[in-house]
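Chains as they are written, first to last, in UniProt numbering: chain A, 1 to 525; chain B, 1 to 525.
Hints should not be assumed to be uniformly reliable.
Because identical chains share one entry, a pair is satisfied inside a single copy or across any pair of copies.
[Claimed, not checked] List of simulated lysine-lysine pairs, BS3-like, C-alpha gap at most 30 angstroms:
#1 69 <-> 364
#2 422 <-> 152
#3 488 <-> 364
#4 422 <-> 285
#5 61 <-> 254
#6 285 <-> 193
#7 488 <-> 66
#8 364 <-> 465
#9 33 <-> 285
#10 52 <-> 352
#11 352 <-> 85
#12 465 <-> 52
#13 465 <-> 33
#14 152 <-> 163
#15 412 <-> 465
Hint data in this document are derived by calculation from the structure and do not stem from the laboratory.
There are 2 protein chains.
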Amino acid sequence: MSLIQLYDTTLRDGTQAEDVSFLVADKIRIAEKLDDLGIHYIEGGWPGSNPKDISFFKEIKKTRLKQAKVAAFGSTRRAKTTPDKDNNIRTLIQAAPDTVTIFGKTWDFHVREALRISLEENLELINDSLAYLKANVGEVIYDAEHFFDGYKANPEYALQTLKAAEAAGIDCIVLCDTNGGTLPHEIPAIMEKVRATVSTPLGMHAHNDSECAVANSLMAVACGAVHVQGTINGFGERCGNANLCSIIPALKLKLGHDCITDAQLKTLRIVSRTIYELANLIPNKHQAYVGNSAFAHKGGVHVSAIQRHAETYEHIRPELVGNVTRVLVSDLSGRSNILAKAEQFNLNLDSKDPLTQEILENIKDLENQGFQFEGAEASFELLMRRALGTLRHYFSVIGFRVIDSKRHEQEKPLSEATVQVKVGGRIEHTAAEGNGPVNALDHALRKALESFYPQLREVRLFDYKVRVLPAGKGTASITRVLIESGDKTSRWGTVGVSDNIIDASYQALVDALLYKLIKDEDRVG
Amino acid sequence: MSLIQLYDTTLRDGTQAEDVSFLVADKIRIAEKLDDLGIHYIEGGWPGSNPKDISFFKEIKKTRLKQAKVAAFGSTRRAKTTPDKDNNIRTLIQAAPDTVTIFGKTWDFHVREALRISLEENLELINDSLAYLKANVGEVIYDAEHFFDGYKANPEYALQTLKAAEAAGIDCIVLCDTNGGTLPHEIPAIMEKVRATVSTPLGMHAHNDSECAVANSLMAVACGAVHVQGTINGFGERCGNANLCSIIPALKLKLGHDCITDAQLKTLRIVSRTIYELANLIPNKHQAYVGNSAFAHKGGVHVSAIQRHAETYEHIRPELVGNVTRVLVSDLSGRSNILAKAEQFNLNLDSKDPLTQEILENIKDLENQGFQFEGAEASFELLMRRALGTLRHYFSVIGFRVIDSKRHEQEKPLSEATVQVKVGGRIEHTAAEGNGPVNALDHALRKALESFYPQLREVRLFDYKVRVLPAGKGTASITRVLIESGDKTSRWGTVGVSDNIIDASYQALVDALLYKLIKDEDRVG
Chain A
1 MSLIQLYDTT LRDGTQAEDV SFLVADKIRI AEKLDDLGIH YIEGGWPGSN PKDISFFKEI
61 KKTRLKQAKV AAFGSTRRAK TTPDKDNNIR TLIQAAPDTV TIFGKTWDFH VREALRISLE
121 ENLELINDSL AYLKANVGEV IYDAEHFFDG YKANPEYALQ TLKAAEAAGI DCIVLCDTNG
181 GTLPHEIPAI MEKVRATVST PLGMHAHNDS ECAVANSLMA VACGAVHVQG TINGFGERCG
241 NANLCSIIPA LKLKLGHDCI TDAQLKTLRI VSRTIYELAN LIPNKHQAYV GNSAFAHKGG
301 VHVSAIQRHA ETYEHIRPEL VGNVTRVLVS DLSGRSNILA KAEQFNLNLD SKDPLTQEIL
361 ENIKDLENQG FQFEGAEASF ELLMRRALGT LRHYFSVIGF RVIDSKRHEQ EKPLSEATVQ
421 VKVGGRIEHT AAEGNGPVNA LDHALRKALE SFYPQLREVR LFDYKVRVLP AGKGTASITR
481 VLIESGDKTS RWGTVGVSDN IIDASYQALV DALLYKLIKD EDRVG
Chain B
1 MSLIQLYDTT LRDGTQAEDV SFLVADKIRI AEKLDDLGIH YIEGGWPGSN PKDISFFKEI
61 KKTRLKQAKV AAFGSTRRAK TTPDKDNNIR TLIQAAPDTV TIFGKTWDFH VREALRISLE
121 ENLELINDSL AYLKANVGEV IYDAEHFFDG YKANPEYALQ TLKAAEAAGI DCIVLCDTNG
181 GTLPHEIPAI MEKVRATVST PLGMHAHNDS ECAVANSLMA VACGAVHVQG TINGFGERCG
241 NANLCSIIPA LKLKLGHDCI TDAQLKTLRI VSRTIYELAN LIPNKHQAYV GNSAFAHKGG
301 VHVSAIQRHA ETYEHIRPEL VGNVTRVLVS DLSGRSNILA KAEQFNLNLD SKDPLTQEIL
361 ENIKDLENQG FQFEGAEASF ELLMRRALGT LRHYFSVIGF RVIDSKRHEQ EKPLSEATVQ
421 VKVGGRIEHT AAEGNGPVNA LDHALRKALE SFYPQLREVR LFDYKVRVLP AGKGTASITR
481 VLIESGDKTS RWGTVGVSDN IIDASYQALV DALLYKLIKD EDRVG
């Protein structure tokens, strides 16, 4: 199949997202990752719009990219000047990129209302800006801004703007769905008209305002586009740009376009997560192909089928994009989920063993009380080990007391906890402060246990979530606490449920510490 | 244009999401919201798979829905039995829903590998299960599981299964892209074949594993489907189901299908957020149509254009779905928000008043600290009244102390609070117990204040949510508490933020009681 050019604009359009901002050093690191992934064009920024982007183009020259071309972005010249005198265009050339991409107006309404020039003038300005750049830079790409909206409003004029661009002898015309309002069924007829008008290679630049950016990009490829613009994780203004993490595997695994190598495709999940990391954003766990939940199975019917044949409920093999199959536990799950989990934890459990049914009943019962084991897999493992009788008795907590006091109107409350634990006949009685009662209890518990188990010093509390569950008739409402803990090597979740928030937190805290102890013992043993 | 049936499965397929779990009471509340939104079918659960779903079908009968039909989900009968003896099918009929939806196997591979029966037997089992249900329930919908994968593997057999379903005289055949692997350009040719084979009305059930679920659903409608299944916010297993929050506005605003009223469409954003709230999930700010960023503009070029003509960079008017345009670089939008809020609370505030700017700065500052006023409008009103100097001084809390103690390993912790309040020179010092420190503090505070303000006896705490916010550099993490309180006539939300959970809860509790006092005074005065 033909080669599809992948054009990444994470560093330019991606940074228009409300919550995305990169330092120049981040941008260089991302460019290297994109190059490793096999992206063909990396749009580094708009040098005419801000100084950060100018320094990116300076810095990237010191970086030895393997194959990616670096593109600089800008606009057509302003009215009433010539390209060689236009500041924006001069800055583009000064940035000395491998490729220049400029956008121009396609929609007559924008020409009149935003540029405030005549339709004819706009055609001249597209043509001479592109021709000048083509003479001064090796490769020139034209982004036809608002192409689909422009085409719907005035098809003749929209096509004229493409002809004006083509006449400049440029390398690619990119049809932009700038406002993201286009739906996929509209694309075939429009692209047919475009292909009857120009013969320059076509590209697609889609936004996700209708939640159709990936679909529109793939539809454009099915209709003859050979160049696709997008961003990693779909970062971008408003609802984001077309997500390359979904487009690349579809092109390669479903449409047979060999745009990157198999080995590069296997790094897709890592690239996605690295860029979330650099943007300081939490990865979207439900993200297609690369998300934590993308191949996670909860329903019992699905789980038993998937264990015989992965393709029954997986559209691709997760390994191909560097992801893995996961089996979740919940009240929707059947016996097969329990068995799969047991295997994951290296526990011996037989499907015929009545214990399997007992654990299942126990889970359903606990979930009816308000427990939830998704996100609390450590508590689940402890539950299974208790049922199997393979959980060592590490410690008991004899008792505790937590005091929160506020003594003046302007004072912040102080929290203090005392704890008494027993380990192998020895009793430790200690106290600690904290930000609130749970934090104080956590500190005191660990302080008491650390003298017996020094490895507990490594445990950190990463997240603490509380949910009040609606009360049943005549009973008090119930609180569910989910805690995420971690050490240098891993993270684990635990859960507690009670009508008392301190009790629920206490359960989850004790599970978190217990899990650390069995985890370390397993590693040693 | 024809009426498109909207079929919501948030309560069934939506709960297959890794992080979604609803109690029966949540499910009833969600069903009411969906009914208000104008959804035609609400799939409540799979009564044959778990007890929680059985009680939903009992409870929903006590709720007077305006127009939505309640559907129960299940599977075709097992092999080697008859429908009347099949447990699953009997439970479906016992649930007495308005509509039954069952799924059957379309993919020959699944028939052989998952069901382990002959292809012929599968056809019988589809036909007699559906015929039996049609005779016993008013309306029957058939979900053709894995239809697209099945069709690609063995088109003839896949179409035979649809014919077997049609022969049972059912009401709708739903083509399911169960694994979410289908791309939109594949749909037209397949749907053409289906329409040449059966004349039963067709529906679409899409999953988002290729990030194409919304596009595939809209493509199916463009190809003649009259029934669309999906979930609010796209909740669902793995990468989620087709997102009705994106499908509904596209159908109504872009494809001219008048599936819900204009007024109902305006509530779309609220419905989306309420369901995130009930699932205790953070809304996706980049979500199409309803997200906070969906109409947020950052780029300078866009902002100046948008202020002249919204349609330059907005594919629809945000008001139509209950959203608003936000301009991130300017506080213009902020000021008008403040004015709109003041009006909502019947407070006099002038756009030229420097106080407006002061409140705005104050809110920005508080939001930077971690405050969030969505869902805490009572705290927001108190903030405005404080700035305007129209908040009476009802009481001060001099101090408090909360003690949680657990004295034996098997004992549940007990919580006790003491509180000292001052009202008009009189001091009240009292104590109370509670389920956890916050509950005890709440009881003690109210006990102390009730002798002065007996109306506080009516206040109930409905919901208590805690979120730990990511820590800034070098600081401890911050806790945000959202409390929902209510009395006989209304409900209100308050918020507190602190690095100490007790302090944050205390702030939200005091606001909740204060709000009750001003609310009642306003009503009297």
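Evaluation of the provided hints:
{"no.": "1", "hint": "69 <-> 364", "in the structure": "between (44 angstroms within a copy, 29 angstroms between copies)"}
{"no.": "2", "hint": "422 <-> 152", "in the structure": "neither (76 angstroms within a copy, 64 angstroms between copies)"}
{"no.": "3", "hint": "488 <-> 364", "in the structure": "neither (33 angstroms within a copy, 35 angstroms between copies)"}
{"no.": "4", "hint": "422 <-> 285", "in the structure": "neither (40 angstroms within a copy, 48 angstroms between copies)"}
{"no.": "5", "hint": "61 <-> 254", "in the structure": "neither (36 angstroms within a copy, 46 angstroms between copies)"}
{"no.": "6", "hint": "285 <-> 193", "in the structure": "neither (40 angstroms within a copy, 36 angstroms between copies)"}
{"no.": "7", "hint": "488 <-> 66", "in the structure": "within (23 angstroms within a copy, 55 angstroms between copies)"}
{"no.": "8", "hint": "364 <-> 465", "in the structure": "both (22 angstroms within a copy, 25 angstroms between copies)"}
{"no.": "9", "hint": "33 <-> 285", "in the structure": "both (21 angstroms within a copy, 26 angstroms between copies)"}
{"no.": "10", "hint": "52 <-> 352", "in the structure": "between (55 angstroms within a copy, 26 angstroms between copies)"}
{"no.": "11", "hint": "352 <-> 85", "in the structure": "between (75 angstroms within a copy, 26 angstroms between copies)"}
{"no.": "12", "hint": "465 <-> 52", "in the structure": "both (23 angstroms within a copy, 24 angstroms between copies)"}
{"no.": "13", "hint": "465 <-> 33", "in the structure": "both (21 angstroms within a copy, 26 angstroms between copies)"}
{"no.": "14", "hint": "152 <-> 163", "in the structure": "within (17 angstroms within a copy, 40 angstroms between copies)"}
{"no.": "15", "hint": "412 <-> 465", "in the structure": "both (22 angstroms within a copy, 21 angstroms between copies)"}
Hints 2, 3, 4, 5, 6 from the list above are not met by this structure, while the remaining hints are.
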